[in-house]
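Residue numbers for the sequence shown follow our numbering, so the first one is 1351 and each next one is one higher.
Where hints are given, some of them may not hold.
[Unchecked claim] Taking lysine-lysine and the DSS-like style, the derived pairs with C-alpha atoms no more than 25 Å apart in a straight line are: (1) Lys1376 - Lys1543; (2) Lys1817 - Lys1689; (3) Lys1651 - Lys1619; (4) Lys1675 - Lys1821.
[As the list claims (entries may be wrong)] Restraint-style ranges between C-beta atoms, simulated for each label pair: (5) Asp1623 - Glu1759: 43 to 49 Å; (6) Ser1361 - Asn1510: 33 to 39 Å; (7) Ala1547 - Arg1357: 20 to 26 Å; (8) Ala1452 - Glu1759: 49 to 55 Å; (9) Glu1402 - Glu1781: 48 to 54 Å; (10) Glu1759 - Trp1457: 46 to 52 Å; (11) Asn1790 - Arg1416: 25 to 31 Å; (12) Ser1361 - Lys1462: 37 to 43 Å.
Since the hints were derived computationally from the structure, they do not count as laboratory data.
Positions of the beta carbon are idealized from the N, C-alpha and C atoms, including for glycine.
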Amino acid sequence: MASATSRSTLSPPEVPMELHAMNREKVCESLRQHLEQFGRPIQGVVLLQGGEEKTRYCTDHAELFRQESYFAYLFGVREPGFFGAIDIATGNSLLFAPRLPADYAVWLGELKPPSYFKERYLVSMAFYVDEMVGVLLNEYKGQGKPLLFLLNGLNTDSNNFSKPAEFEGMEYFEKDLDTLHAILTECRVFKSKLELALLQYVNDISSEAHVEVMRNTKVGMKEYQLESMFLHHTYMYGGCRHCSYTCICAAGKNSSVLHYGHAAAPNDKILKDGDMALFDMGAEYHFYGSDITCSFPVNGKFTDCQRLIYNAVLDAHNVVIAAMKPGVNWVEMHELAEKVILESLKKGGIVTGDVEDMMAQRLGAVFMPHGLGHLLGIDTHDPGGYSKGMQRPEEPGLRALRIVRELKEDMVITVEPGCYFINALLVPAMESSDTSRFFNRDAVRRFEGLGGVRIESDVCVTANGCKNMTKVPRETWEIEAVMAGASWPLDKTSMGKNSGA
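Please put together the full structure from these sequences, using the hints given.
Shown next as structure tokens:
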């Protein structure tokens, strides 16, 4: 990690294309097992269509292209307009590149032949898209029409469906729209060692950028200046041209807006003395992302009220990570986080009564309306949180969960408890006959201006526990030291751990 006097100790790594070759073999093996289980022949071709470059509405302004995620997972191709195929029986992989016009070389650079893409992306064969139908028909050795396994399924985070490949000549093939999506999604849930190394790198550069932002935050700045600082650091030193998601750079009451930073709330508030900041930002490198949130006082010193809420969330964050291991149910982890936060709020006099009664009335969802975390990988909200047959809970808070599964080794998941003072939730809860008895209204009013606190780390489930991949100051005394100019990581032997801070 960078010191106070250096900008970065990191450099962008070369990503081996073996990462995607291994992903393809993993999917092939899973498909073979599935077909064998159901007595189907081990034959057919997985066919995916990559993303297309888009322009801004009716203009010729080309938006920066980012590959479709399932295609990126299997092939690692950064260019638009491709198709990719995998022969299930042999494991042979094929790429089909768009045949570009001659003037591409004038405006956009060298025209690459298929052999270039074969070598670059470590596939068995490469051709042009306009050759695809003939190649697939020629490669097929079975009876009848060749079978194509196409991607078609629901993303449970967005409620959008993936797009099956479309091309002229589909009438020459049989199509299976039901098998591939669930198998490919399940493969994405469990990360290989190469994927984990890439996720660690993007966590390292994002952590470093968060520390840079924390160290340079000052009263009087605009929220977007801190967003700019993060984006600059991860691109300048980390080679991260893309961000995992729109940065949430919220100060004061804005920190209670869960997805602040959108076009109608564009990170443009002036930071004021006494504000808490909530900065939720993550870089993306070679498609793989990070998702990290730091909360801290913009003036570098926690007030008693800020410390109470911050430590309530930090305790929940730490207790969950300490409990994480294979076999642990994520719904139970969410409830554990809620309980820890409610116990802290009770000690602070914000709520009163029996915490178990509060849990039964779902009071935790008033203060933490979002889920505890989500799978992370090529997408910020990586798919696979709901396997086939799993139902979304209906209770407040729990219905926001993006994953309800038991944890397994090599999952990467965010741990992001939060505590927010959101009038749209607090007012109805304080007026409800079921929950009004739990609130100390005078105390709630004192905390309304605080906004909210979220602490988010990216965590890999290991064989016997878990590993926190995120490396940022978390204790209040660590944050205050870094904001006062200390290097990170702190030299704890020379400064002494101020555990009472």
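Results for each hint:
1. Between the alpha carbons of Lys1376 and Lys1543 the distance comes to roughly 13 Å, so the proposed pair stays at or under 25 Å and holds.
2. In summary, the hint linking Lys1817 to Lys1689 is supported, as the alpha carbons are separated by about 23 Å, within the 25 Å threshold.
3. A hinted pair counts as satisfied when its Cα atoms are at most 25 Å apart, and Lys1651 with Lys1619 qualifies at roughly 20 Å.
4. Our distance criterion of 25 Å between C-alpha atoms is met by Lys1675 and Lys1821, whose separation comes to about 20 Å.
5. Range check, Asp1623 to Glu1759: about 46 Å between beta-carbon atoms, so the 43 to 49 Å window is met.
6. Against the hinted window of 33 to 39 Å, the Cβ-Cβ separation of Ser1361 and Asn1510 comes to about 36 Å, which satisfies the hint.
7. Restraint check, Ala1547 to Arg1357: a C-beta distance of roughly 23 Å satisfies the suggested window 20 to 26 Å.
8. For the pair Ala1452 and Glu1759, the supplied restraint of 49 to 55 Å holds, since their beta-carbon distance comes to about 51 Å.
9. Distance hint for Glu1402 and Glu1781: a CB-CB separation of about 50 Å, consistent with the stated range 48 to 54 Å.
10. Hint check: Glu1759 to Trp1457, Cβ distance near 48 Å, so the stated range 46 to 52 Å holds.
11. Checked against the hint of 25 to 31 Å, the pair Asn1790 and Arg1416 fails, with Cβ atoms roughly 48 Å apart.
12. Between Ser1361 and Lys1462 the Cβ separation comes to about 26 Å, which falls outside the hinted range of 37 to 43 Å.
Checked against the numbered hints listed earlier, the structure breaks hints 11 and 12; every other hint is satisfied.
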